[in-house]
Amino acid sequence: MANDLVLDTAIRDWVLVPLSLVMVLIGVLRHFVSKLLRSTNTPDLKAVKEGQLVVRARYLRAAGNFIPAKAFKSRRSYYNNEENGLLHVPKSQAQNMQAQMFSDPNMAMDMMKKNLSMIIPQTLTFAWVNFFFSGFVAAKIPFPLTQRFRSMLQNGIDLSSVDVSYVSSRSWYFLNLFGLRGFFSLILGEENATDDTQKMMQMGGQMGGFGVDPSKTLTAEKDGLELIQHDWALPKLEQQAESVLRQILSR
Amino acid sequence: MLETTVDEGVGDVVEWLALLRKFKLRRSDKVTIHGCALLSDPSSRKKLGSEVWTVYEQVAIASMDCQCLDISNLCIERLLSKFSNSVRVGRLEGMLYEAKGQWQQAEKKYQNLLELQPADAFIHKRKVAIAKGQGNLSSAVEALKQYLDIFMADHEAWRELAEIYISLQKYNQAAFCYEELIMMDTSNANWHLNYAEVYYTIGGVESLRIAKKYYASAIKLSAGKNLRALYGICLCSAAINQAKGRNKDEESIDLQSLASSVILKEYKEKCPKKLALVTSVLEKQKP
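Going line by line, the protein sequences match chains A and B. So the first sequence is residues 1 to 251, counted in the UniProt record's numbering. So the second sequence is residues 1 to 287, counted in the UniProt record's numbering.
Warning: the hint list may mix true and false statements.
Said to hold, decoys possible - Quick list of in silico lysine to any residue cross-link-like pairs, SDA-like style, CA-CA up to 20 Å:
no.: 1; chain 1: A; residue 1: Lys46; chain 2: A; residue 2: Asn80
no.: 2; chain 1: A; residue 1: Lys73; chain 2: B; residue 2: Gln173
no.: 3; chain 1: A; residue 1: Lys49; chain 2: B; residue 2: Phe122
no.: 4; chain 1: A; residue 1: Lys46; chain 2: B; residue 2: Leu113
no.: 5; chain 1: A; residue 1: Lys46; chain 2: B; residue 2: Gln111
no.: 6; chain 1: B; residue 1: Lys225; chain 2: B; residue 2: Asn190
no.: 7; chain 1: A; residue 1: Lys49; chain 2: B; residue 2: Lys170
no.: 8; chain 1: A; residue 1: Lys46; chain 2: B; residue 2: Met152
no.: 9; chain 1: A; residue 1: Lys73; chain 2: B; residue 2: Thr186
no.: 10; chain 1: B; residue 1: Lys170; chain 2: A; residue 2: Pro68
no.: 11; chain 1: B; residue 1: Lys270; chain 2: A; residue 2: Gln247
No wet-lab data here; the hints were simulated from the structure.
The following block holds chain A by itself, in its conformation from the complex:
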């Protein structure tokens, strides 16, 4: 019965094609707008210093055995000194940091911008599609599907008698929304701003960044340094050098 449903060519010309076209154009527009809004972030001097400090302390922990015991000890006390060691974070300061991070207006502003460029166009287009094109059967896919696909392909049409292979206009919008990502990366280059999933991931990462506070990594590194034993590796290397030389001579 459903097979003799005939779609008007005007639907193709005035719903299917314009919808896809508008989706593409909005994607391109968003790419350029977000490029415009992207602020250049100047790294914070203190953050840079802390990052580098952790790296250097990690080197000491990993390769401390390669320097003489005296040098190792003096470095450790330089890092871990209770009064003014580099890795030592005073207690009052540790609590402050968290509050400081949240009150940093730059960070919040950045997130806002990213959010806005993502959410606003999506709600607008959805409202637009809903207003003008609700209830159309816009296309037919050339193969049969099971009933389960009904909610995916016929969003907005509450007729159970229509065959599942017909696609409603609102579903076509959703298919475009998620399906055009590959197309965008083709025309706008790999790192385009339209990629929503990536943005979500970034957001998650940033949230994580909020939670971790730098004083914790410093303290963890300090404890790690405190624990390791210095065992000078050089005497062992001397013997190995001997065997290397012997090998050369015996060749």
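Here the structure of chain A is known, so what remains is to put chain B in place on it, guided by the hints.
Then chain B, alone, in the frame of chain A:
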């Protein structure tokens, strides 16, 4: 490959310049020549699109290396007209002052830029370069220290500091820098070798022992190929024996004899003419 075709005037200059940038090579003379030819031609400039600004920067730096200051002046002016208050162009201006020897102006320029972007490693490094360019090593040390206080995981800066300390004959400080370098890259024989040399220069039995150990590890890491380390072992052992005088020697002198025979073997294979000379030198150090 590409470079030779570029030299003959048929290769793709743009591609070659991009390659140089990618691998951070510095063929200043050729970059100046070909880059200028490229930039003075309006049609090829148009073809470059927005890449033209990067090429301007590249040519500006290259021509400074060659002391073609009017070329770099021109490039920087073009860049300034496009990006009037960019830090990156500001760096170039500072470098131009440096190249002209106007140290004070360069210093002032960098100071201003640092206020805009305090975490720019490049500008900090330029300040070190200013001090070094004036031949003022101790102020170069100060600037480097300031830099390393922030960017303390930068091994190139540590190396620079070590070399400056050596030329100032501050060996203990240099040793500290080499320790830092050894920790950052434990398998690099050069750092071990340099560290050993610093300790050998400091002198005294304890230092000599340390030096010997690091010479040995340099030998191990270079698989016995480093002649300098082999000689070092011989010299160290000889010096230790001398310092101790008669009451030797719980330490093995194995390493010394092994090292000297490896040296002799090397010379026999590669430079038989000097064998006699080397033999006599090594003989003298034998206990």
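Going through the hints against the structure:
{"no.": "1", "hint": "A:Lys46 to A:Asn80", "verdict": "19 Å, holds"}
{"no.": "2", "hint": "A:Lys73 to B:Gln173", "verdict": "16 Å, holds"}
{"no.": "3", "hint": "A:Lys49 to B:Phe122", "verdict": "15 Å, holds"}
{"no.": "4", "hint": "A:Lys46 to B:Leu113", "verdict": "18 Å, holds"}
{"no.": "5", "hint": "A:Lys46 to B:Gln111", "verdict": "18 Å, holds"}
{"no.": "6", "hint": "B:Lys225 to B:Asn190", "verdict": "12 Å, holds"}
{"no.": "7", "hint": "A:Lys49 to B:Lys170", "verdict": "27 Å, violated"}
{"no.": "8", "hint": "A:Lys46 to B:Met152", "verdict": "12 Å, holds"}
{"no.": "9", "hint": "A:Lys73 to B:Thr186", "verdict": "18 Å, holds"}
{"no.": "10", "hint": "B:Lys170 to A:Pro68", "verdict": "19 Å, holds"}
{"no.": "11", "hint": "B:Lys270 to A:Gln247", "verdict": "19 Å, holds"}
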